[in-house]
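S.K.: Chain residues, written in single-letter form:
There are 2 protein chains.
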Amino acid sequence: MEVAKTIASVRELVKAARSRDQKIALVPTMGALHIGHIALMERAVKDCDYVVVSIFVNPTQFCPGEDLEKYPRPLDADLEICEQVGVDLVFTPTTEQMYGTANLTWVTVEKLTEPLCGRLRPGHFRGVTTVCAKLFSIVQPDIAYFGQKDGQQAIVIKKMVADLNMPLHVVVCPTVREPDGLAVSSRNQYLTEQQKKDAALIYKSLQNCKEMVEDGITDTKSIIAQMREILSQAPAIKIEYVSILDAETLQEIGSVDRLVLAAVAVRIGQARLIDNILVDVGEQ
Amino acid sequence: MEVAKTIASVRELVKAARSRDQKIALVPTMGALHIGHIALMERAVKDCDYVVVSIFVNPTQFCPGEDLEKYPRPLDADLEICEQVGVDLVFTPTTEQMYGTANLTWVTVEKLTEPLCGRLRPGHFRGVTTVCAKLFSIVQPDIAYFGQKDGQQAIVIKKMVADLNMPLHVVVCPTVREPDGLAVSSRNQYLTEQQKKDAALIYKSLQNCKEMVEDGITDTKSIIAQMREILSQAPAIKIEYVSILDAETLQEIGSVDRLVLAAVAVRIGQARLIDNILVDVGEQ
Chain E
10 MEVAKTIASV RELVKAARSR DQKIALVPTM GALHIGHIAL MERAVKDCDY
60 VVVSIFVNPT QFCPGEDLEK YPRPLDADLE ICEQVGVDLV FTPTTEQMYG
110 TANLTWVTVE KLTEPLCGRL RPGHFRGVTT VCAKLFSIVQ PDIAYFGQKD
160 GQQAIVIKKM VADLNMPLHV VVCPTVREPD GLAVSSRNQY LTEQQKKDAA
210 LIYKSLQNCK EMVEDGITDT KSIIAQMREI LSQAPAIKIE YVSILDAETL
260 QEIGSVDRLV LAAVAVRIGQ ARLIDNILVD VGEQ
Chain L
10 MEVAKTIASV RELVKAARSR DQKIALVPTM GALHIGHIAL MERAVKDCDY
60 VVVSIFVNPT QFCPGEDLEK YPRPLDADLE ICEQVGVDLV FTPTTEQMYG
110 TANLTWVTVE KLTEPLCGRL RPGHFRGVTT VCAKLFSIVQ PDIAYFGQKD
160 GQQAIVIKKM VADLNMPLHV VVCPTVREPD GLAVSSRNQY LTEQQKKDAA
210 LIYKSLQNCK EMVEDGITDT KSIIAQMREI LSQAPAIKIE YVSILDAETL
260 QEIGSVDRLV LAAVAVRIGQ ARLIDNILVD VGEQ
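Those sequence lines, one after another, are chains E and L. Just remember that my numbering sits 9 ahead of the position in the first sequence, which is counted from 1. Just remember that my numbering sits 9 ahead of the position in the second sequence, which is counted from 1.
A hint or two may mislead.
Each computed DSS-like pair below joins lysine-lysine, with the alpha-carbon atoms no more than 25 Å apart [as the list claims (entries may be wrong)]: (1) E:K205 with E:K219; (2) E:K24 with L:K24; (3) L:K24 with E:K167; (4) E:K158 with E:K247; (5) L:K230 with L:K247; (6) L:K167 with E:K24; (7) L:K206 with L:K167; (8) E:K24 with L:K32; (9) L:K230 with L:K219; (10) E:K55 with E:K167; (11) E:K32 with E:K167; (12) E:K158 with E:K55; (13) L:K219 with E:K120; (14) E:K32 with L:K24; (15) E:K158 with E:K120; (16) E:K167 with E:K206; (17) E:K213 with E:K247; (18) E:K158 with E:K230; (19) E:K79 with E:K219; (20) L:K32 with L:K120; (21) L:K32 with E:K32.
Since the hints were made in silico from the structure, they are not lab data. Please read these numbers as outputs of a predicted model, since none were measured by experiment.
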């Protein structure tokens, strides 16, 4: 496994792989790798010949007051994980390397970035799409892998790739969960044991949405009310949003009459946690 | 020479060229090809093995009320020119083909797009950078060619390519001029013979700027006043701007103490004409 800190060396190594006719994968991460990332990497190793993992805590996707400084950066452990999974190249650029040209250029996706986390984290998705556009240009992967856990992000990235005709495929992998349903996240590290127990209610509320739809209840107001009810069982949970949206346009809908994204964001103690599921009215 | 209307067929043809280890050039145009474009294409033919010319009147770079509808589209003559110059592939997409996915994604370059044409044509550069990002992703050229005539555009595109780490080089070719100095432009077609004569004052004013700097006059206010004086010799000329800016940051400066962009935009009759020159204080 190679570790590259510079854009130039990544380009060189990937070019060599391509000249060997290898299929290139990119798994963009902010490090603090967990079993969710491992699932993405394993999928990449299965699909492709040359797997690149980027580890970069991207400052432009953090809003003022967020956890940029304290975001975990266990680089040695991350590299160990990459090695074990069979990754070929880890790209660990500095902020200087990524934004050294006094960046003035932004990639933005309209509309899809307005609801949910877009409303609560202004500028967040602009940072995500811009850094992904940069990583895609640096690595030029055939396939890039993202997790369904960041559901809105996956939808936004897919739209960017389609709209800008970027020459790659985006694969979105299922959310990996703890046995109690809690979606695996680097930010779970901020939780105490009790908070972790409370956080299991997030997935419970999402499952409840699915069950209500399966029972023929389609009125989103009623479903959301019951989801909030479940979350309120833990007073430590502060709800940021509970939403049911058209899974393609991310627009609010009154009735679950198509594929929808049920999405929850909460704060528990130091952590901001998000989760979502796709619910299809026809999947019973 | 091949002519392709679809993104898929362009990708296929370019892929074949790349598999032959050919160096790929892209000359993005809006058609109505003239000797300025021919100079770009000839340079591309000289530098590269496989030259792609795109002909697409990009609606997103026109502002409301501009000449989108009447912009000349002499496709047969354009193809004839491409053939004669030795172009390998002409890409002539429809608007549907380029923006068929209900585009929500934009590439924007801040600051550099604020002065000059950016101020007078809101949204123009966002349309230019977005369509160029798309064309770069579709063709994946090694080198893309632009004219110095659209000086701000060249600076903005270069910044976008640098900031987003796009894997290509941008080559900016000198402005091609009529014998009287008028910069060649597709929009010169809108001019009567008298208006063409008046339009020669644009280059005369730019040359005057250069001469004043060579004579040791560096105060931009004095230089701009004299440039305006020259332009006012033709009452048909309506000045949009006469500016002297830092050639890298495009910020206004009081004194010509570095490489500057002297830029003029005017309206004459039906036409909006722009021109510029780079002036270096040390080039005497």
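S.K.: Would you mind marking each hint as holding or not holding in the structure?
M.R.: Checked hints:
1. E:K205 with E:K219: holds, 22 Å
2. E:K24 with L:K24: Distance of about 15 Å is within 25 Å: holds.
3. L:K24 with E:K167: holds, 23 Å
4. E:K158 with E:K247: holds, 19 Å
5. L:K230 with L:K247: Cα-Cα ~19 Å, so holds.
6. L:K167 with E:K24: holds, 23 Å
7. L:K206 with L:K167: violated, 33 Å
8. E:K24 with L:K32: Distance of about 15 Å is within 25 Å: holds.
9. L:K230 with L:K219: holds, 14 Å
10. E:K55 with E:K167: OK: K55 of chain E and K167 of chain E at ~21 Å, within 25 Å.
11. E:K32 with E:K167: holds, 20 Å
12. E:K158 with E:K55: holds, 21 Å
13. L:K219 with E:K120: Since the Cα atoms of K219 of chain L and K120 of chain E sit roughly 47 Å apart, the hinted pair is violated (cutoff 25 Å).
14. E:K32 with L:K24: holds, 15 Å
15. E:K158 with E:K120: holds, 20 Å
16. E:K167 with E:K206: violated, 33 Å
17. E:K213 with E:K247: Holds, because 16 Å separates the two Cα atoms, which is no more than 25 Å.
18. E:K158 with E:K230: At roughly 23 Å apart (the allowed maximum being 25 Å), K230 of chain E and K158 of chain E satisfy the hint.
19. E:K79 with E:K219: Cα-Cα ~35 Å, so violated.
20. L:K32 with L:K120: Violated. K32 of chain L to K120 of chain L sits at ~33 Å, over the 25 Å cutoff.
21. L:K32 with E:K32: Holds, at about 21 Å.
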